[in-house]
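Visitor: Sequence:
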Amino acid sequence: MQYSRSPALSRSVRFPCSTSSSLSRAARSIPERGGIPQSNLVTQDSNAIIVQLHVISQKQFAPRQESLLQTLIGLLRAMRPKQWTKNTIVFAGLVFDAQLLMVEPLLTVIATFFLLCLASSSIYIINDLIDVERDRQHPRKRHRPIASGQLSVPVATIAAFVLPLITLALSALLNTWLAAIVLVYLVLHIAYTFWLKHIVIVDVLTIAAGYVLRVAAGTVVIHVTNFSPWLYLSVALLALFLAVGKRRQELLLLAEKAGSIRVTFEHYNLPLLDDMLRMVMVSVLITYTIYTIETESPVLAGTNLALLTVPFVLYGIFRYLYLMHVKGEGSAPDEVLLKDKPLLAAIMLWGLTFVAIIYLPQLLHSPVS
Numbered sequence: 406m407q408y409s410r411s412p413a414l415s416r417s418v419r420f421p422c423s424t425s426s427s428l429s430r431a432a433r434s435i436p437e438r439g440g441i442p443q444s445n446l447v448t449q450d451s452n453a454i455i456v457q458l459h460v461i462s463q464k465q466f467a468p469r470q471e472s473l474l475q476t477l478i479g480l481l482r483a484m485r486p487k488q489w490t491k492n493t494i495v496f497a498g499l500v501f502d503a504q505l506l507m508v509e510p511l512l513t514v515i516a517t518f519f520l521l522c523l524a525s526s527s528i529y530i531i532n533d534l535i536d537v538e539r540d541r542q543h544p545r546k547r548h549r550p551i552a553s554g555q556l557s558v559p560v561a562t563i564a565a566f567v568l569p570l571i572t573l574a575l576s577a578l579l580n581t582w583l584a585a586i587v588l589v590y591l592v593l594h595i596a597y598t599f600w601l602k603h604i605v606i607v608d609v610l611t612i613a614a615g616y617v618l619r620v621a622a623g624t625v626v627i628h629v630t631n632f633s634p635w636l637y638l639s640v641a642l643l644a645l646f647l648a649v650g651k652r653r654q655e656l657l658l659l660a661e662k663a664g665s666i667r668v669t670f671e672h673y674n675l676p677l678l679d680d681m682l683r684m685v686m687v688s689v690l691i692t693y694t695i696y697t698i699e700t701e702s703p704v705l706a707g708t709n710l711a712l713l714t715v716p717f718v719l720y721g722i723f724r725y726l727y728l729m730h731v732k733g734e735g736s737a738p739d740e741v742l743l744k745d746k747p748l749l750a751a752i753m754l755w756g757l758t759f760v761a762i763i764y765l766p767q768l769l770h771s772p773v774s
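When we follow my numbering, the leftmost residue of the sequence shown carries the number 406, and every step to the right adds one.
Warning: the hint list may mix true and false statements.
[Claimed, not checked] Derived Cβ-Cβ restraints for the label pairs, each shown as a range:
#, residue 1, residue 2, range
1, Leu-473, Leu-765, 42 to 52 Å
2, Val-605, Leu-749, 49 to 59 Å
3, Asn-631, Leu-474, 46 to 56 Å
4, Lys-746, Leu-690, 36 to 46 Å
5, Pro-559, Leu-726, 37 to 47 Å
6, Arg-545, Thr-630, 17 to 27 Å
7, Gln-488, Asn-674, 24 to 34 Å
8, Val-605, Leu-474, 19 to 29 Å
[To be verified] BS3-like mimics (lysine-lysine), calculated; alpha carbons at most 25 Å apart, straight line:
#, residue 1, residue 2
9, Lys-546, Lys-744
10, Lys-732, Lys-487
11, Lys-744, Lys-491
12, Lys-487, Lys-744
13, Lys-651, Lys-546
14, Lys-744, Lys-732
15, Lys-491, Lys-651
16, Lys-746, Lys-732
17, Lys-732, Lys-491
18, Lys-546, Lys-732
19, Lys-651, Lys-744
20, Lys-746, Lys-487
The set of hints was computed from the structure by calculation and includes no laboratory data. Keep in mind it's a predicted model, so treat the numbers as computed, not measured. Even for Gly, the Cβ is constructed at its ideal location relative to N, Cα and C.
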């Protein structure tokens with residue numbers, strides 16, 4: 406008597422030949438019970454076993470897949486892609502030297518931007534590894550992937566070693582000077598993580614130096630003919646303004662816990678930080694105004710059109726002070742710059758005005774094909 410095999414059984418499992426033959430002989434040798442052939446009973450039991458094995462495998466492998474996904478998400482969060490906006494300053498040399506419309510320089514600077522993102526992300530991971538215990542006491546930083554446990558310390562440690570090596574190798578392929586700047590950037594910020602951030606005033610100066618290195622990276626990868634040192638100074642002072650403002654807001658936010666979380670908070674106080682903010686704010690406005698007048702750009706030389714951008718810079722600084730003193734914001738400058746619509750509008754208008762001043766004459770005088 407012939408019995409059909411269960412489709413589910415044939416699809417789901419392949420028994421060894423000896424096992425299949427033994428099962429078949431055993432099924433044929435057993436008489437029918439209650440009108441139901443024993444071979445059918447074997448098939449039903451086999452199907453039940455397969456279902457149980459499937460359930461067990463789902464329970465075993467699903468958590469592993471979920472754990473891998475959570476690790477990848479945690480690694481991405483630890484790289485802080487929201488803060489990659491800081492690296493957009495790398496385009497300064499390209500824009501102000503009137504090369505934005507040139508394809509090859511543009512692609513080169515875009516590649517440089519992503520390399521700096523990798524470099525800065527590796528520093529963020531190293532910093533979070535070193536400060537994991539302090540971050541767990543911080544009201545905002547305790548939600549970071551390493552501090553919260555979303556990203557394990559061993560995985561973060563591997564990433565902290567691998568990312569800088571990849572960044573340096575790719576930078577060397579693109580430009581030798583870029584690799585040198587990236588190396589200095591990594592060494593400076595690793596020194597900041599282990600040592601410099603514990604030295605009062607030096608900590609904020611180190612942050613400002615990092616932005617100057619970003620600007621320099623964008624200029625060495627392309628042939629920049631005219632780039633004023635006043636712009637370097639303006640960028641450094643603006644970064645210093647944001648760093649001092651961040652220290653001020655963190656000091657207010659942490660209150661009595663400030664000294665236990667960051668050593669330098671034992672030496673900072675609000676009057677000192679407010680005086681530093683005023684001094685840096687005035688310096689930013691002076692150096693930027695001098696840049697707009699004394700610029701070496703062939704497009705802007707001999708004109709005062711760049712002065713049209715000064716009001717946007719003035720408004721942006723005043724708006725940031727307002728957000729700090731009235732709204733209590735500023736402990737995370739990258740979030741403030743992206744979330745505050747009036748400030749974001751001022752930045753966009755400043756950029757559009759400068760781009761129009763530099764590139765509109767090129768577009769108007771370009772030959773029509």
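Visitor: All the hints need checking, so say for each whether the structure fits it.
Guide: How the hints compare with the structure:
no., hint, result
1, Leu-473 - Leu-765: 42 to 52 Å, "holds, 51 Å"
2, Val-605 - Leu-749: 49 to 59 Å, "violated, 32 Å"
3, Asn-631 - Leu-474: 46 to 56 Å, "holds, 49 Å"
4, Lys-746 - Leu-690: 36 to 46 Å, "violated, 23 Å"
5, Pro-559 - Leu-726: 37 to 47 Å, "holds, 43 Å"
6, Arg-545 - Thr-630: 17 to 27 Å, "violated, 44 Å"
7, Gln-488 - Asn-674: 24 to 34 Å, "holds, 27 Å"
8, Val-605 - Leu-474: 19 to 29 Å, "violated, 42 Å"
9, Lys-546 - Lys-744, "holds, 19 Å"
10, Lys-732 - Lys-487, "holds, 22 Å"
11, Lys-744 - Lys-491, "holds, 15 Å"
12, Lys-487 - Lys-744, "holds, 12 Å"
13, Lys-651 - Lys-546, "holds, 14 Å"
14, Lys-744 - Lys-732, "holds, 13 Å"
15, Lys-491 - Lys-651, "holds, 15 Å"
16, Lys-746 - Lys-732, "holds, 14 Å"
17, Lys-732 - Lys-491, "holds, 23 Å"
18, Lys-546 - Lys-732, "holds, 20 Å"
19, Lys-651 - Lys-744, "holds, 16 Å"
20, Lys-746 - Lys-487, "holds, 17 Å"
Hint compliance for this structure: hints 2, 4, 6, 8 are broken, all remaining hints hold.
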